[in-house]
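Q: Chain by chain, the residues run as shown.
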Amino acid sequence: MTSPSIVLSSLTKRFGSFTALDRLDLKLEGGKCVGFLGPNGAGKTTALKLLTDMIFPTEGECFLNGISVQRERKRALEAAGVLIESPEIYPSLTPTQALEMVADLRGMSPAERKDRIPAVLEEVRMADWTHEKFGKFSKGMKQRINIAAALVHDPEIVILDEPATGLDPRGMAEVRSIVRDLKKHDRLIFMSSHILAEVTDVCDEVALINHGKLLFYDTLDNVTAKFSGGHSSVDATFARPVPERTVTDRLAGDADLLGCEALDTRRYRLQFKGGPTSQARLLRKLSDETLELVSFTESKSALEEIYMSQIEKGD
Amino acid sequence: MAASPPATSTAPSPPARHERTPVGSLEQAFKLTRYQLRDYFFSRRFILMMAIVAIIGAILTAVVGYYRPPAFLANSDAFYATLWGSGVTVVIVFAGVIFGGDAIAGEFQNRTGYFLMGQPIRRATVYVGKYIAAFVAALTAVVLFALVLLANGSFYFGAGAFTANFGASFVIAVVYLLALLGATFMFSSLFKTSTYATLVVAVLFLFGFMILQDLIQGLAHTTPWYILTYADSIIGGVFNASCASAPGTHTCTQPGPGGGFTSVVTNATIPEGVGIMIAYFVLTAILGLLSFEREEFS
Chain A
1 MTSPSIVLSS LTKRFGSFTA LDRLDLKLEG GKCVGFLGPN GAGKTTALKL LTDMIFPTEG
61 ECFLNGISVQ RERKRALEAA GVLIESPEIY PSLTPTQALE MVADLRGMSP AERKDRIPAV
121 LEEVRMADWT HEKFGKFSKG MKQRINIAAA LVHDPEIVIL DEPATGLDPR GMAEVRSIVR
181 DLKKHDRLIF MSSHILAEVT DVCDEVALIN HGKLLFYDTL DNVTAKFSGG HSSVDATFAR
241 PVPERTVTDR LAGDADLLGC EALDTRRYRL QFKGGPTSQA RLLRKLSDET LELVSFTESK
301 SALEEIYMSQ IEKGD
Chain B
1 MAASPPATST APSPPARHER TPVGSLEQAF KLTRYQLRDY FFSRRFILMM AIVAIIGAIL
61 TAVVGYYRPP AFLANSDAFY ATLWGSGVTV VIVFAGVIFG GDAIAGEFQN RTGYFLMGQP
121 IRRATVYVGK YIAAFVAALT AVVLFALVLL ANGSFYFGAG AFTANFGASF VIAVVYLLAL
181 LGATFMFSSL FKTSTYATLV VAVLFLFGFM ILQDLIQGLA HTTPWYILTY ADSIIGGVFN
241 ASCASAPGTH TCTQPGPGGG FTSVVTNATI PEGVGIMIAY FVLTAILGLL SFEREEFS
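Quick mapping for you: the protein sequence lines, in order, are chains A and B.
Okay, so the first sequence: first residue is 1 according to my numbering, each after it adds one.
Okay, so the second sequence: first residue is 1 according to my numbering, each after it adds one.
One chain only, chain A, in its complex shape (with noise of 0.2 Å):
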């Protein structure tokens, strides 16, 4: 059995004058989670869609599996389970129904549709509303169900088109949940979001878009060293406000602190290198009861620092 594939081979797609994807080259193989970052009108959900024949490319084609998207859809997507823009069921169809018919549509045996179709419902938390109709549900229950609808043949390939929309923050932590499970299974992932903490949470590698051309793609941890420089910032949070000088002393010596800024008199920003390790160590200093450390976090993740400065550069 080879690895699942997805390719997108010199994609262009215009809408009149308008260039939305400018030749974008992608290839992503082998069971992963891939984050799609890019801001609105990027071409995420537009490269998204060539990828599933739901519009047609002005160049270029795109390849699931080594199987031309274009030139064969039906052959290409039966490896993939897809979920593009929140699409609406049948109304008068309940969940259980609906992943009949995906599943009469996909050719699987009764048997199989027997265990999956339950485990699937049961995943997405949709398992006690099996027989109430798609028409009555609220958004965030659609998308679950649809989410359901992408993954209950088992595929090999899962295209997620901001999965985690119109959920509630309960339901974006489970669809997290679930996409973490759905990569323990050899799975090749595409997902685009706006959630970088979600990207950073599930995703192994990431690429970037922006006015229609790829900026970057490359494992989250390549991503990170390259553009961050290998520096890191935390905020250290006190109960009670305390003096600059008292924080400073505290920290004085430490090889790794690249810098300390105040952003009020109880918060103040870490700048370091050195990982996780450095980290550890200026968290020991700053802990102890006279300071009275409340909270230390990051200040922002670094992918975020990443998309803020490439999209910066790009606009």
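Watch out, some of these pointers could steer you wrong.
Said to hold, decoys possible - Straight-line alpha carbon distances no greater than 25 Å define the calculated SDA-like cross-link-like pairs of lysine to any residue that follow:
#, chain 1, residue 1, chain 2, residue 2
1, A, K273, A, S309
2, B, K192, A, F56
3, A, K136, B, A159
4, A, K136, B, R44
Treat the hints as calculated values from the structure; they're not laboratory data.
Could you slot chain B onto chain A? The hints should help.
A: Relative to the frame of chain A, chain B by itself:
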């Protein structure tokens, strides 16, 4: 050259996935029909359509029962020529509008197409599956209307209510339904907004084509054989109940002062009418499919 990261994460051993036999496109179309029908049968539009048929049937039953018009009750052909011949075309147009008007446009507007297009299914399969479902739902309405009229016919004419002419007319009505739904689906595939699609279909088939037909006949004095509503006269014409509705070209005399007046009436012959209907079905199916194949879910 496609971008790819320098290091690829090591994948765990893949679990055994189920081997599946790909489902053929025709089989997929029938499967889709089944789910679409389930959606239709539990929808308000189906209840509305059945209510329309029931109301039309009830009005016809009450009016004929109360007034007992001798011309209608002379024989079963005269009875069906008027009640079935005129009534069923209205039922078919309503059914076409209700089940077909937004069938394809609704996939874009209601976003159900985004769900279907994520599946390994050809666009043509979606089109055919939805067409069959709309046809079966509309046919249910036509059958209900036929049953209402047959029940009336049995009351007035006893065991001889179901005649060969009624059978032939029913078959022609089904062919007309095929053609009308074909045209409805074509218009529906040209629009991404259900309202426009439904409005255009309703206007065209409820009175647009008939006005056009009268204008062409009145102004150009030519037979508008290319308009579908010209062909639908054979549904009632098959009963040969009156000169004005009989298939073909006739000189008919209408009663009136001074011995009445004569006029030349041109109706489609049965083969012409069926041919026009089949041509409409084939052409609109091709155009509708081509249009749907090119539409983007953007």
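Q: Take the hints in turn and mark each one as holding or not.
A: Each hint tested on the structure:
1. Between K273/A and S309/A the alpha-carbon distance is near 19 Å, which keeps this suggested pair within the 25 Å criterion.
2. Distance restraint check for K192/B and F56/A: the Cα-Cα separation of roughly 17 Å lies within the 25 Å cut-off, and the hinted pair is therefore satisfied.
3. About 49 Å separates the Cα atoms of K136/A and A159/B, which puts this hinted pair outside 25 Å; it is violated.
4. Between K136/A and R44/B the CA atoms are separated by roughly 14 Å; this keeps the pair inside 25 Å, and the hint holds.
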